[in-house]
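K.L.:
Taken in order, these protein sequences are the chains called V and E.
All residue numbers for the first sequence refer to this note's numbering, where the first residue is 1 and numbers rise by one.
All residue numbers for the second sequence refer to this note's numbering, where the first residue is 1 and numbers rise by one.
Incorrect hints may have been included.
[As the list claims (entries may be wrong)] Derived DSS-like pairs (lysine-lysine); straight-line CA-CA distance at most 25 Å:
#1 K130(V) x K90(V)
#2 K201(E) x K77(V)
#3 K201(E) x K225(E)
#4 K90(V) x K201(E)
#5 K131(V) x K77(V)
#6 K225(E) x K71(V)
#7 K179(V) x K90(V)
#8 K71(V) x K201(E)
#9 K131(V) x K179(V)
#10 K22(V) x K252(E)
#11 K90(V) x K253(E)
#12 K71(V) x K132(V)
#13 K225(E) x K77(V)
#14 K253(E) x K22(V)
Quick caveat, the hints were computed from the structure, so don't treat them as lab data.
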Amino acid sequence: MSRFSVGGMIELEGLTKRYGEKVAVNNLTFTVRPGIVTGFLGPNGAGKSTTMRMILGLDHPTAGQVRIDGKRYDQLKDPLTYIGALLEAKAWHGGRSAFNHLLCLAQSNGIATRRVREVLETVGLTAVAKKKTKGFSMGMGQRLGIAGALLGDPRILMFDEPVNGLDPEGIHWIRNLMKSLAAQGRTVFVSSHLMSEMALTADHLVVIGQGRLLADTSMADFIERNSRSYVRIRTPQRELLLDVLHTTGITAVEAGDEALEVDGSKAEQIGELAARHGVVLHELSPQQASLEEAFMQLTAESVEYHAHADALPSEQQELRRQQQQWGSEWRRS
Amino acid sequence: MAATQVVRSEWTKIRSVASTVWTLSLAVVVTIALGMLISALSNNEFDNMSERDRLSFDPTFISFAGMSLGQLALIVFGVLVVSNEYSTGMIRTSLAAVPRRGTFLASKIAVATGLALVVGLATSFVTFFLGQAMLGDHRAEIGDPGVLRAVIGGGLYMTLIAMFSMGVAAMLRSPMLSLGILMPFFFLVSNILGNVSATEKIGRYLPDQAGSRIMQVVTPIDDDKPYGPWGGLGIMVLWVIAALLGGYLTLKKRDA
Chain V
1 MSRFSVGGMI
11 ELEGLTKRYG
21 EKVAVNNLTF
31 TVRPGIVTGF
41 LGPNGAGKST
51 TMRMILGLDH
61 PTAGQVRIDG
71 KRYDQLKDPL
81 TYIGALLEAK
91 AWHGGRSAFN
101 HLLCLAQSNG
111 IATRRVREVL
121 ETVGLTAVAK
131 KKTKGFSMGM
141 GQRLGIAGAL
151 LGDPRILMFD
161 EPVNGLDPEG
171 IHWIRNLMKS
181 LAAQGRTVFV
191 SSHLMSEMAL
201 TADHLVVIGQ
211 GRLLADTSMA
221 DFIERNSRSY
231 VRIRTPQREL
241 LLDVLHTTGI
251 TAVEAGDEAL
261 EVDGSKAEQI
271 GELAARHGVV
281 LHELSPQQAS
291 LEEAFMQLTA
301 ESVEYHAHAD
311 ALPSEQQELR
321 RQQQQWGSEW
331 RRS
Chain E
1 MAATQVVRSE
11 WTKIRSVAST
21 VWTLSLAVVV
31 TIALGMLISA
41 LSNNEFDNMS
51 ERDRLSFDPT
61 FISFAGMSLG
71 QLALIVFGVL
81 VVSNEYSTGM
91 IRTSLAAVPR
101 RGTFLASKIA
111 VATGLALVVG
121 LATSFVTFFL
131 GQAMLGDHRA
141 EIGDPGVLRA
151 VIGGGLYMTL
161 IAMFSMGVAA
171 MLRSPMLSLG
181 ILMPFFFLVS
191 NILGNVSATE
201 KIGRYLPDQA
211 GSRIMQVVTP
221 IDDDKPYGPW
231 GGLGIMVLWV
241 IAALLGGYLT
251 LKKRDA
């Protein structure tokens, strides 16, 4: 049951940010919806942080617009009660105590002082609330930033690379926090450059590269489309097996090191066929291409700072060429 | 978002950092101590002065001599109040909480100005009375013509110096750059421009030169400044308005 019946939408429309000649964010249009965790994925330098700053009205878009529940950010009354954000690791005065940092934020948005103590408790910083924040570790800093985001009990939460610099326990904590916030019906928009991280937390995925939208899809769809499964086979009776497979209409390709690969999840079928025809198998293993690979393929073309192609061995160049073709076939925007 | 909320928030910000306390204390201590020292020295020197210097002798203004150094601490106060937001990254958190940038800057400046005014006026009165105590027979009384105006004016002058610094810091956004320009300007450049005959006519329109006229009670004999005490303070106010306007436009226009 959702706590929030209406609201919680972030809508981007043709959002563009140019710095001189360089286009950091290029005509982004997508909507972030409540009740789920939306992952905002892209390589470093893809424009994720710039997009998030524009959502908060910190950076002015060159073109396009952002609407929070239909309003511009600066039209929101007490914006922290609509949208809470964790920006870069450190966005506060190190000489101020954690309590006073949160207190000045609370006061500016008419939030009760009691709420400051609550969020400090939630993130586990009560014991160091009166300490100056410059002594905080990276993990404590992230927790303070999250406390600031939760302060106004907002319907929308936005986290920029929240697991950066956290220890495993902290990472676990933040994943659960994001999931529980979404389960309460809130909108959770979280950026990352790690597909593996998104696969664990996000229900929906927005992928950008060099500021352009590469994909806007549900996580389930993305996994289905991108995780190629295949069966890896090794046999001393290679020719015999190829014949058997051929007559059944199964195509096997040579995968080097004497192994064969068959697309799809047909391990049982192949095993039964081999048994029936007396083919000896040394290996019959179902395999799955990782999501990380899929993400790299998707963004291969748009990665800004990749190694110079000439410096790569020809084999890798060939691989990259294939990946790029594959990626562009796939792409929808 | 009510402006009173933002003002309360800015008050929490200003009272919760150490730089507020040490810059303002330094301004108070330096202004008073140096004022007393120079007052005492002037008292001893009076008998050796020329007739001309004795006619220009201004005990009120002499007791404010410490302000030339004390104002530097107020410049640091004004600069840090604004540029700390940028150097610490706090500005992004602040503007996400208060996206109306005019309200944000106005509240910040109102709070810092209020604090500078209270400290400035208190310093001015204490400096005056302690300075006069050092001046012995040559002292002025608070009831003498123009003296009360000069003492209140001293507090206003300190406040306006802090405000001007806030405006400059809002334009430059970097504490080092702001201090690197303001400190030498008010400590050296302005004095040189105001005292070298070639540049004197321009120098006297600089904010500190014009503004400090309010603290003079006895007009020097050769004074040919085209403005009086309040006129001078008015010129300083114009400088402050220009700096704050520039700061506001910078904040409005640029990305945080």
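K.L.:
A separate judgement is required for each hint: does it hold in the structure or not?
P.N.:
Evaluation of the provided hints:
1. The hinted pair formed by K130(V) and K90(V) meets the criterion: a straight-line CA distance of about 18 Å does not exceed 25 Å.
2. Of the supplied pair hints, the one linking K201(E) and K77(V) is violated, its CA atoms being roughly 51 Å apart against a limit of 25 Å.
3. For the hint pairing K201(E) with K225(E), the CA-to-CA distance comes to about 8 Å; that is within 25 Å, so the pair holds.
4. With a C-alpha separation of about 49 Å, the suggested pairing of K90(V) with K201(E) is violated against the 25 Å cut-off.
5. Of the pairs offered as hints, the one joining K131(V) and K77(V) is violated, with about 31 Å between alpha carbons and a cut-off of 25 Å exceeded.
6. Distance check on the hinted pair: K225(E) and K71(V) sit about 55 Å apart at the alpha-carbon level, beyond 25 Å; violated.
7. Simply put, K179(V) and K90(V) have alpha-carbon atoms about 24 Å apart, close enough for the 25 Å limit, and the pair holds.
8. Between K71(V) and K201(E) the CA atoms are separated by roughly 54 Å; this puts the pair beyond 25 Å, and the hint is violated.
9. Proximity of K131(V) to K179(V) is assessed by CA-CA distance (about 30 Å); at most 25 Å being required, the pair is judged violated.
10. Taking the CA atoms of K22(V) and K252(E), the gap is near 23 Å; set against the 25 Å cutoff, the hint holds.
11. Note on K90(V) and K253(E): the hinted pairing holds, with a Cα-Cα distance of about 24 Å set against a maximum of 25 Å.
12. A distance of roughly 36 Å separates the Cα atoms of K71(V) and K132(V); the hinted pair therefore is violated under the 25 Å criterion.
13. Our distance criterion of 25 Å between C-alpha atoms is broken by K225(E) and K77(V), whose separation comes to about 51 Å.
14. Taking the CA atoms of K253(E) and K22(V), the gap is about 19 Å. The hint holds against a cut of 25 Å.
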